[in-house]
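J.: As a plain string of letters, each chain reads:
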Amino acid sequence: MKTVAKRIYIALIILFLYAPIGILMVLSFNESKTRAKWGGFTFKWYIALFQNEEILRALFNTLLIAFTSSLIATVIGTVACISMTGMKRRAKSILMGVTNIPMLNADIVTGISLMLLYISLGIRFGMGTILLSHITFNIPYVILSVMPRMRQINVSTYEAALDLGSSPIHAFFKVVFPDLLPGILSGFLMAFTMSLDDFIITHFTKGVGVDTLSTKIYTEIKKGIKPEMYALSSLIFVTVLTLLVLINLSPTDKKKAE
Amino acid sequence: MKKELIQLIDISKSFDGQMVLDELNLHIHENEFVTLLGPSGCGKTTTLRILGGFTSPDKGRVVFDGQDITQIPPNKRQLNTVFQKYALFTHMTIAENIAFGLKIKKKSKSYIDDKIRYALKLVNLDGYENRMPDSLSGGQQQRIAIARAIVNEPKVLLLDEPLGALDLKLRQEMQYELIRMKNELGITFVYVTHDQEEALTMSDTIVVMNQGYIQQIGSPESIYNEPENAFVADFIGESNIIPATMIEDKLVSILGTRFACVDTGFGNNRPVDVVIRPEDVILVEPSEGIIQGVVSHLIFKGVHYEMEVQACGFEWLVHSTTLFPVGKEVGIRVDPFNIQIMNKPESEDEEAVIIDI
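As they're listed, the protein sequences go chains B and H. So for the first sequence, the working numbering puts the first residue at 1; every next one is plus one. So for the second sequence, the working numbering puts the first residue at 1001; every next one is plus one.
If you are wondering where the hints come from, they were derived from the structure by calculation, not from laboratory data. A hint or two may mislead.
[As the list claims (entries may be wrong)] Straight-line distance between alpha carbons at most 20 Å, and here's what the computed DMTMM-like set of lysine to aspartate or glutamate pairs gives:
1) B:Lys174 / H:Asp1134
2) H:Lys1182 / H:Glu1161
3) H:Lys1105 / B:Glu159
[Unchecked claim] Cβ-to-Cβ under 7 Å is the rule here; a few derived chain H residues that face chain B:
4) Thr1081
5) Phe1083
6) Lys1085
7) Phe1100
8) Gly1101
Quick caveat: nothing in here was measured; it's all calculated off a predicted structure. Glycine included, every Cβ here is placed at the ideal spot set by N, Cα and C.
Chain B on its own, in the form it takes in the complex:
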């Protein structure tokens, strides 16, 4: 009896969380143009979507920015983790605090402050500013996922490599890096996901004429909602979901014991 109640409760939660998305996905296959009635199953909105050049350009921009920014953020974040390990405890905790601010900060504040910064520095808005912004908000996510790996690393394995005659750089890539790799990978995927579905920060730093998928949808919706947008949103959702599943499957907490 109790377990049945539990199951129903969980089912309700999931229903409320995912019902809107479910409806959106169903509508993306709806033949009829109005939301009110089901006109039969179709792929035509998906086809229309991939024939719309503006949307394709936005998709390309999104992927390019997501990939580049998370790659750069991963490198910076990993290097930051390594150097933070060598720091004194106080300096380290201050830096960790500073790192966490962009994550806790409201996106709109981050977006507006980045916009003001670019204006005051006289940087022209465009792909460059979007990229810079995305790198900025991605770094904390990388640090967040690499740092726990870093803490688990046994310093003596690095020393053992030195002891056996390897140079510090060789020791790092042969011994420390493989242990960090799962953390680095999941940090990269997390950053990629964050970049992919960011709207607010991109909106404030993109400039005229450059669009990512999320800002494109926003503009399109202002003109009236077209069913292509349902298709697009469904695709974004599925992509992000897949990435999240990947992140959770990567073996970050292997060997947490000991």
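With chain B held as given, fit chain H onto it using these hints.
T.: Relative to the frame of chain B, chain H by itself:
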């Protein structure tokens, strides 16, 4: 006398203003099994890390085979270390772990394969080449760590409490293995431990350290039988440390009673400490003893009984195979050569500390 291989000269080191080593001098000979023994924080691990090149001393020099290596990084030193927590490379197989140092030295494939086989045989783990470190027990991992170090044919093997994480039985087995390996390989072992039994079992030379100072250097026998101060006496085994007065050569007054002893050269009427090992206190009938007392505690310890005897205002710790029940009056005798006279500590550092093991 064997050749001196390592000299640590006037080594000082402090961390965050805290002195860890103070003007330490230590000479290690070829093919010697040297154990640095002391409580945690005594500077023994720091000394080992300075030898290995992982910590650089604030002052002083490290001389290896006649050459000053103080500034040489660990990867250029002809010594290898076995770390406390094994420090195996978990993403490599056992064979790859062992081959790590040899590959860096660009040895041929057949040479490396031979070495792996030889090393695994030496540590009694033949056939483990393709296993992963995680699938091995603690004792096996530690033996792989030793194998990985010795294939590089170091002149000195540094071991930092390598048996600390193993259970008692395994630890004893490994002690014999280490002695065997040392004899087979003919290399110098520098071993760090806080376990006095381990030190007594394996070492040629024991260096007892406390608070950054060397307290005594000597063979296991001399450290045990003739501790130079109360710290050493207390740290190595159990003992009765009793304040006494040296009346003249070969005569000491312990708790107001005169005992014959064999030590000379302490002067007349000088306050000293005496050490009497619990197994050297002989319990007899009251009339036959030099002093008399009453048994106050009794514990059965397996090979012997441990008793406490109240006599002359001191609680004597006694190990004996003969049982004397609690409350019985006994006499105490000590053979002259079992009374070890020590100078009173000159500084706070040398004072006996109570150690819970």
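J.: Determine for every hint whether it applies to the structure shown.
T.: Against the structure, the hints:
Our distance criterion of 20 Å between C-alpha atoms is met by B:Lys174 and H:Asp1134, whose separation comes to about 18 Å. Pair hint H:Lys1182 plus H:Glu1161 holds up; C-alpha atoms about 16 Å apart against a cutoff of 20 Å. Note on H:Lys1105 and B:Glu159: the hinted pairing holds, with a Cα-Cα distance of about 17 Å set against a maximum of 20 Å. Residue-level restraint check for H:Thr1081 holds (minimum Cβ-Cβ distance to chain B is 5 Å; threshold 7 Å).
A distance limit of 7 Å between C-beta atoms decides the matter here; for H:Phe1083 the minimum to chain B is near 4 Å, and the interface restraint holds. About 6 Å separates the beta-carbon of H:Lys1085 from the nearest beta-carbon of chain B, less than 7 Å, and the hint is met. Taking 7 Å as the C-beta cut-off, the interface hint given for H:Phe1100 holds, the closest approach to chain B being about 5 Å. At about 4 Å, the closest approach between the beta carbon of H:Gly1101 and any beta carbon in chain B falls short of 7 Å, and the interface hint on this residue holds.
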